[in-house]
Amino acid sequence: LSSNKRRWDVESWVPPGDIPAGPFGDLAPSPTSALSIWLIDQDLSNLDRIVAALAAGRNHLDKFDYVLVDERAVLQLQVEIEARAEKCPDEEASAQWHRNMIRLTGSQLNALVRLIYSSGLKRRILEPDVEAIIRSALQRGHLDRSRVNKELLASLAAT
Amino acid sequence: LQKFSASFISAIYLGVSSALEENRSSGSAQRIENATSGLLEIYKSSHQVILEALSSQPVDELQDGMTAQLGSRLARSLRDFGSSGFADLTVIALKGEAHPEALSHAMRWIGRLADPETFHARLLALVRSLEAPSATVRDGAALGLVELGSTDALPAVTAAMVREPNPALRQDLEQVAAYLRSKT
Numbered sequence: 001l002s003s004n005k006r007r008w009d010v011e012s013w014v015p016p017g018d019i020p021a022g023p024f025g026d027l028a029p030s031p032t033s034a035l036s037i038w039l040i041d042q043d044l045s046n047l048d049r050i051v052a053a054l055a056a057g058r059n060h061l062d063k064f065d066y067v068l069v070d071e072r073a074v075l076q077l078q079v080e081i082e083a084r085a086e087k088c089p090d091e092e093a094s095a096q097w098h099r100n101m102i103r104l105t106g107s108q109l110n111a112l113v114r115l116i117y118s119s120g121l122k123r124r125i126l127e128p129d130v131e132a133i134i135r136s137a138l139q140r141g142h143l144d145r146s147r148v149n150k151e152l153l154a155s156l157a158a159t
Numbered sequence: 001l002q003k004f005s006a007s008f009i010s011a012i013y014l015g016v017s018s019a020l021e022e023n024r025s026s027g028s029a030q031r032i033e034n035a036t037s038g039l040l041e042i043y044k045s046s047h048q049v050i051l052e053a054l055s056s057q058p059v060d061e062l063q064d065g066m067t068a069q070l071g072s073r074l075a076r077s078l079r080d081f082g083s084s085g086f087a088d089l090t091v092i093a094l095k096g097e098a099h100p101e102a103l104s105h106a107m108r109w110i111g112r113l114a115d116p117e118t119f120h121a122r123l124l125a126l127v128r129s130l131e132a133p134s135a136t137v138r139d140g141a142a143l144g145l146v147e148l149g150s151t152d153a154l155p156a157v158t159a160a161m162v163r164e165p166n167p168a169l170r171q172d173l174e175q176v177a178a179y180l181r182s183k184t
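Chains as they are written, first to last, in the numbering used here: chain P, 1 to 159; chain Y, 1 to 184.
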């Protein structure tokens, strides 16, 4: 899941056993209660490709925060998951690794946030590395240039 | 009588002199007040413009990589006000006068500005903002220093790391310090 790391910070004012509300703002289910996620290989070998696919849709370079959570723990939440490609500049990656959590209930979302809060890995890729990942994906032909954000593409061409 | 007259005249003279002094100092006070109020107007105006730039994009739209609107507005304001603009932005960050998310993105944008002339003003603003009360703003300042890419920031980032009470942010500051070290 792409994310904002600061939302997941442990806050001292939160009573023991509870979590802050902030992290809920980091997960945005659709109006039909679906949540977009990506399946990352155990060895993280497809991570850069997915980061490039997501970051190429932005209008400028920036850091990339994400959370990793164990697939088995997610499945224990009895969440329904469908494999469905999402529109993005890397169609192949989307077809292979994009998933939707569907018919997500409030209690499942609550359990998911708690799971990520307690055991999810919150990570960050700094902007210069995001730039290198996008450039590499462009060179390898993973990204469809016509689907990469125009302003981003122009800024990459300028530097 | 002569003595009395002399002292009376002195008294009158002293009285006049004192009144003149008072008048003179009240004129100075007025001039100082006018000048101060003029300075305050400039301060308010620069401060206000930066605040307006910081709220130019709705908070719920402030997503990573999607803040070009805020960035261009901020860049324009900072160009208009020069170094006082950077000082104002720092004051706003340290006093928490704008939304932390907006400030976090603003910090990254000032790191991205391609303007060698304001390099030191930007470095100073970012380094000082590492002491902001909000963890989100401190994080943004560190990210701005990554954008700036100067190893001059390394001692300040290391010091921020040592005093950082938020363990997750401390790790992020370590990542920033490692990046800056890699540039040496």
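Any given hint might turn out to be false.
[Stated by the list, open to error] Each computed DSS-like pair below joins lysine-lysine, with the alpha-carbon atoms no more than 27 Å apart:
1. P/K5 <-> P/K87
2. P/K87 <-> P/K150
3. P/K87 <-> Y/K183
4. Y/K183 <-> P/K5
If you are wondering where the hints come from, they were derived from the structure by calculation, not from laboratory data. Nothing here was measured: the structure is a model prediction, and the numbers come from that model.
Hint-by-hint comparison with the structure:
1. P/K5 <-> P/K87: 25 Å, holds
2. P/K87 <-> P/K150: Holds: P/K87 and P/K150 sit about 16 Å apart, inside 27 Å.
3. P/K87 <-> Y/K183: At roughly 37 Å apart (the allowed maximum being 27 Å), Y/K183 and P/K87 break the hint.
4. Y/K183 <-> P/K5: Between Y/K183 and P/K5 the Cα gap is close to 25 Å, so the pair holds against 27 Å.
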